[in-house]
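S.K.: Sequence:
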Amino acid sequence: MEPIIKNISDKILVGMQTEMSIVNNQTFKLFKTFMPRKKEIMNIVDDNVYDLRIYPANYYEVFDPQAQFIKWAAAEVSDNNDIPTDMETFHLQGGQYAVFHYKGLNSDPSIFQYIFTEWLPQSGYTLDYRPHFEIMGPKTKLNDSNSEEEIWIPIK
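Numbering (this note's numbering), first residue to last: 100 to 255.
Because the hints were derived from the structure by calculation, they are not lab data. Treat the hints loosely; a few may be bogus.
Stated by the list, open to error - Straight-line distance between alpha carbons at most 30 Å, and here's what the computed DSS-like set of lysine-lysine pairs gives:
| id | residue 1 | residue 2 |
| --- | --- | --- |
| 1 | Lys138 | Lys255 |
| 2 | Lys202 | Lys240 |
| 3 | Lys238 | Lys137 |
| 4 | Lys131 | Lys202 |
| 5 | Lys110 | Lys202 |
| 6 | Lys255 | Lys110 |
| 7 | Lys137 | Lys240 |
| 8 | Lys238 | Lys202 |
| 9 | Lys128 | Lys202 |
| 10 | Lys137 | Lys202 |
| 11 | Lys128 | Lys238 |
| 12 | Lys131 | Lys240 |
| 13 | Lys240 | Lys128 |
| 14 | Lys255 | Lys202 |
| 15 | Lys131 | Lys238 |
| 16 | Lys131 | Lys255 |
| 17 | Lys110 | Lys137 |
| 18 | Lys105 | Lys202 |
| 19 | Lys138 | Lys105 |
| 20 | Lys128 | Lys138 |
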């Protein structure tokens, strides 16, 4: 599976965040809270939802399933003048990304194993210290092997 290399400009996201680890995965809880309230967000650009992660600088040096990172459930907006209660703004820095079109179960980690142990080391790119995210659109379905999403990996 080969990615498309894309350069994006800065984006404004509005949503909710939580600190978590692989061992203490709070993804379901975060999205269960965010999704019913997404309709409260004004100036949404499209129907997509961002599953965004901010990892510490050394996160990928040594695998530690207890290492903490920040996860966001968010939507892109054209401006953030009116933010719903209990939501926050995140300014996503633009830059170069490897974009993988993924079809399969969202619980299957093999795509990430491929990206980080096969594709990235052979690609000529290195991982950049910016957020990683998935864009979940109308073809994204929970626990469905036909689910589709885009996986965005920051590169330089």
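S.K.: Each hint: holds or not?
M.R.: Okay, the hints, checked on the actual structure:
Between the alpha carbons of Lys138 and Lys255 the distance comes to roughly 35 Å, so the proposed pair goes past 30 Å and is violated. The straight-line distance between the Cα atoms of Lys202 and Lys240 is roughly 10 Å, inside the 30 Å bound, and the hint therefore holds. A hinted pair counts as satisfied when its Cα atoms are at most 30 Å apart, and Lys238 with Lys137 qualifies at roughly 18 Å. Under the criterion of a C-alpha separation no larger than 30 Å, the hint pairing Lys131 with Lys202 is consistent with the structure, at around 22 Å.
For the hint pairing Lys110 with Lys202, the CA-to-CA distance comes to about 25 Å; that is within 30 Å, so the pair holds. At roughly 19 Å between alpha-carbon atoms, Lys255 and Lys110 fall within 30 Å of each other, so this suggested pair holds. At roughly 17 Å between alpha-carbon atoms, Lys137 and Lys240 fall within 30 Å of each other, so this suggested pair holds. Restraint check: the Cα-Cα separation between Lys238 and Lys202 comes to about 9 Å, which is no more than 30 Å; the hinted pair holds.
Among the hinted pairs, Lys128 with Lys202 is consistent with the structure: their alpha-carbon atoms are about 23 Å apart, no more than 30 Å. Distance hint between Lys137 and Lys202 is fulfilled; the C-alpha atoms sit about 24 Å from each other, no more than 30 Å. Under the criterion of a C-alpha separation no larger than 30 Å, the hint pairing Lys128 with Lys238 is consistent with the structure, at around 21 Å. For the given pair, Lys131 sits about 14 Å from Lys240 by alpha-carbon distance, which is consistent with the 30 Å threshold.
A hinted pair counts as satisfied when its Cα atoms are at most 30 Å apart, and Lys240 with Lys128 qualifies at roughly 16 Å. Pair hint Lys255 plus Lys202 holds up; C-alpha atoms about 25 Å apart against a cutoff of 30 Å. For the hint linking Lys131 to Lys238, the alpha-carbon distance of about 18 Å falls within 30 Å, and the restraint holds. Using a Cα cut-off of 30 Å, the hinted pair Lys131 and Lys255 is violated, with the two alpha carbons roughly 34 Å apart.
Restraint check for Lys110 and Lys137: the C-alpha separation of about 17 Å stays at or below 30 Å, so the hint holds. Distance hint between Lys105 and Lys202 is fulfilled; the C-alpha atoms sit about 19 Å from each other, no more than 30 Å. In summary, the hint linking Lys138 to Lys105 is supported, as the alpha carbons are separated by about 29 Å, within the 30 Å threshold. Note on Lys128 and Lys138: the hinted pairing holds, with a Cα-Cα distance of about 18 Å set against a maximum of 30 Å.
Violated hints, in rising order: 1, 16; the structure is consistent with all others.
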